[in-house]
Amino acid sequence: MLSDTVDLSPQSWDLAHGIAMTLAKERVDVDELSKCIAYLRSVAHHPDAGSRFFRFTGELVRETGLHRSNETPRYYRLIDQTCKKYLQSLQDRPAEMLQILGWAARLARYYKDGGVPIGEIPPPQGSQPNDNSGRKDSVPQGAGNKSQDDRQQQNHQHQQDQAQHQARKARFQTGQKLKATITNIKGNEVTFQILDTDTKLTQKEPKRAGSLSVGQEVQVEVLGLKEDGRIRKAKLL
Amino acid sequence: MSPKPYELIPFPTQPPKLERPAGHAQFHPDRLHGTLFLTLTVQTAVHISTGHLALGSDVGVKGIPVLKTMTTTPNGRLKIQGSSLKGAIRAMYEAITNSTLAVMTSRYRNRIPPERHPCRNKEQLCPASRVFGALNWQGLVEFRDAIATSAGSGGGSLPPLYRPRPDQCKAYFQKENGRVIGRKFYYTHRNALQDSSRGTPTQQAIQNTVFKTQIHFKNLTPAELGTLLTVLGQDPKHSMLLKVGGGKPVGLGSLQVTLDKIERPGNLKDRYSRYDPPEADTLEGKRLQAFVQEQIGAAQGYILPEQLKRLAAILSPTALREPPTGVY
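Taken in order, these protein sequences are the chains called D and U. So in the numbering used here, spot 235 of the first sequence is number 843, and the numbers just go up one at a time. So in the numbering used here, spot 189 of the second sequence is number 218, and the numbers just go up one at a time.
It should be emphasised that the hints constitute simulated quantities derived from the structure, not laboratory data. Remember, predicted model here, so these are calculated numbers, not experimental data. Cβ coordinates follow ideal geometry from the N, Cα and C atoms, glycine included. Treat the hints with care, since some could be wrong.
Okay, derived cross-link-like pairs now, EDC-like style, lysine to aspartate or glutamate, Cα gap no bigger than 20 Å in a straight line [to be verified]:
| no. | chain 1 | residue 1 | chain 2 | residue 2 |
| --- | --- | --- | --- | --- |
| 1 | U | K91 | D | D804 |
| 2 | D | K643 | U | D87 |
| 3 | U | K91 | D | E813 |
Far from chain D, by Cβ distances over 12 Å, these chain U residues were calculated [to be verified]:
| no. | residue |
| --- | --- |
| 4 | A83 |
| 5 | S86 |
| 6 | S112 |
| 7 | Y137 |
| 8 | K151 |
| 9 | A180 |
| 10 | F202 |
| 11 | G211 |
| 12 | S226 |
| 13 | G228 |
| 14 | P265 |
| 15 | L288 |
| 16 | L297 |
| 17 | A342 |
All chains should be built: construct the whole structure from the sequences, respecting the hints.
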C-alpha cells in the first residue's frame, strides 16, 4: 500500500478538473472510477503501477462478465479513454496519479450533484505537472487560451479571497474581552459571532438564553483557547 | 424451470426460552473454556468477494484477465474471514435450537413472527444469542480467520444469479397469516457450476484447498458446546457441510470441517497467576472423540431433533445434488 502523498500543482488540478468534467458530462458512474482508483492504490507500490493501471482499465472494457447493465461498457470505455488521455504521461508517478484521480472522483460528484455548469474542459496538454515554463507553450491557441486566462483570473481571485479570509482570522488571548453579535439561539444554545472576524462560537447559556435575542450586541470574555488558537470557551459578560 | 436449490426449515412452534447469559467477568468452574482447532477442506469452490477488482496476473490466476478478488494474507494465501464462518455457523445453530433471528430487514418486520425478532435485551437472550452475541452482548465464541495452508488460488466464472425475491414466491410465507415460514438453507451440491460465457470472473478457493482456523470458546455449557460441535458436522449421525460465500444456489461454498484437537486450560488458577502460562490440556485422538461424544450427548434435549434432521438432510456431505443449470 502506498502511503506517499503529494501536493498537487496547478497543472495537476487542471488534470483532475479535466477528468472530472469529462466524466460528469458523459454521466459516468463515479463509483466505477472509484473501483479503478482502489485498484491503483492496491498496486501503487509496484514499479510498474502506472502501466498496470492502464492495462486494468483496458481489461475492464473487454471483460463483459463484469458489465452489469447496458451502460457499464460505456462507463468503462470512457474511464479508460479519459484516464489514458490525461494521465498517460504520469504513469511513472503513481502517487501523483492517485492524488489526481482521487480529486477527480470528488470533483466529478460535485459537478454531477451540484449542477455546476461545465465550461470548457481543461486540455490534457498541460500534463507536465512541474514544468511551468513548458506549460504556457503547450496550451492551444484561441478558445483554449481564453479559458486558460479565465481560470488564471479565477485562481487569482480565489487567492485574494483566501488572503482576506486569513486576515479576518483574528488571534485571541485568554482573558481578552471582545464585542460579539448573537447570530442564533436554539434552545439554550447561543451562537456568537466575534465582531470583525469570521469566528463563530456556539455554547450553552442556560441562564441567559431566554433574555437574549438574535442580532443583539454583547461582550464576551475569552476563557480558553484551542491548540490552533481558536476560542474554546467564552464567558458572556 | 429447475427445482429450487434450497429448502426452508420451519420455526419451532414454541417461543424461544430467554435466559441471562453467562457473562465474561469470570471463567465459571462448571463451564467449558478452550479452543477448537479446525481444518476446513473445500468440497466445491468457494468465493467470498472483497468488492475489489484486480488483474488475474496480480493474484496469480492464469487465463482470466480481470476478476473479483477474495481476501488474502499479505503473503498471498487465501483467507476466509472469521465473520463469514461465524455467520454460516450461527445460522445453522439458530436453526437447530429454539432461537430468534440474528438480524432482520425492517421491510419484513411485520411478516416475521414477533417471538423470532432479534433479542434486544441483553439480560434475556435466546440460545444462539447467548453463544454468538446479540445487541450489546458480546458472544462466548470468537472466530479466527481461516488461512489456506498453501499459496495459490484458482479462477472461475460465477453464473449470473437473481436476487432473492420473497415477495414473488409464496413458498416463503404461511398461507394462513402471511408470516415467514422459517430459515432458508441451500443444498450441498456435487460440483460448482461455472458459466464461462456470461459469468462473473472470480478468484476462488478450488476444490481440496485446505484452510486452518480456530474457534475460542468460554463459559459454554456442555449442551452449548455439543450443539456447536454438531453444527460443525462432528455428530456422526448427522454429518453436515458448511456453506459459505457467494454462488451457494449453483453449488459453490461447501466446506468439510475436521476437528483436529481441542485445547483446554488445564488449571485456570495456574493459567492466570503465572507469567509463563502452563501447557494447555490438549485433547486429541481417542480422548478427543470421547470428549466430543460426551458434549454431543449433553446436547440431546437442547437441540430440536426434527430441525436437526432436516438441516442434516439439506447439508449432507453424502446426498449431494446437481446444481440447477437453468432458471429455478
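Hints, one by one, checked against the model:
1. K91(U) with D804(D): Outside the cut-off at roughly 67 Å; violated.
2. K643(D) with D87(U): Between K643(D) and D87(U) the Cα gap is close to 16 Å, so the pair holds against 20 Å.
3. K91(U) with E813(D): Violated, at roughly 68 Å.
4. A83: violated, 6 Å
5. S86: The assertion about S86(U) is violated, with a minimum of 9 Å to chain D.
6. S112: S112(U) is indeed farther than 12 Å from all Cβ atoms of chain D, at 21 Å.
7. Y137: Holds, because the least Cβ-Cβ distance between Y137(U) and chain D comes to about 25 Å, which exceeds 12 Å.
8. K151: Given a closest Cβ separation of 33 Å, the condition holds.
9. A180: It holds; A180(U) is separated from chain D by about 18 Å at its closest Cβ, greater than 12 Å.
10. F202: holds, 30 Å
11. G211: It holds; G211(U) is separated from chain D by about 32 Å at its closest Cβ, greater than 12 Å.
12. S226: violated, 9 Å
13. G228: violated, 6 Å
14. P265: holds, 42 Å
15. L288: At about 36 Å from chain D, L288(U) clears the 12 Å cut-off, so the statement holds.
16. L297: holds, 41 Å
17. A342: Consistent with the label, A342(U) stays out of reach of chain D, its closest Cβ about 34 Å off (over 12 Å).
Of the hints listed earlier, those the structure fails to meet are numbers 1, 3, 4, 5, 12, 13, in rising order.
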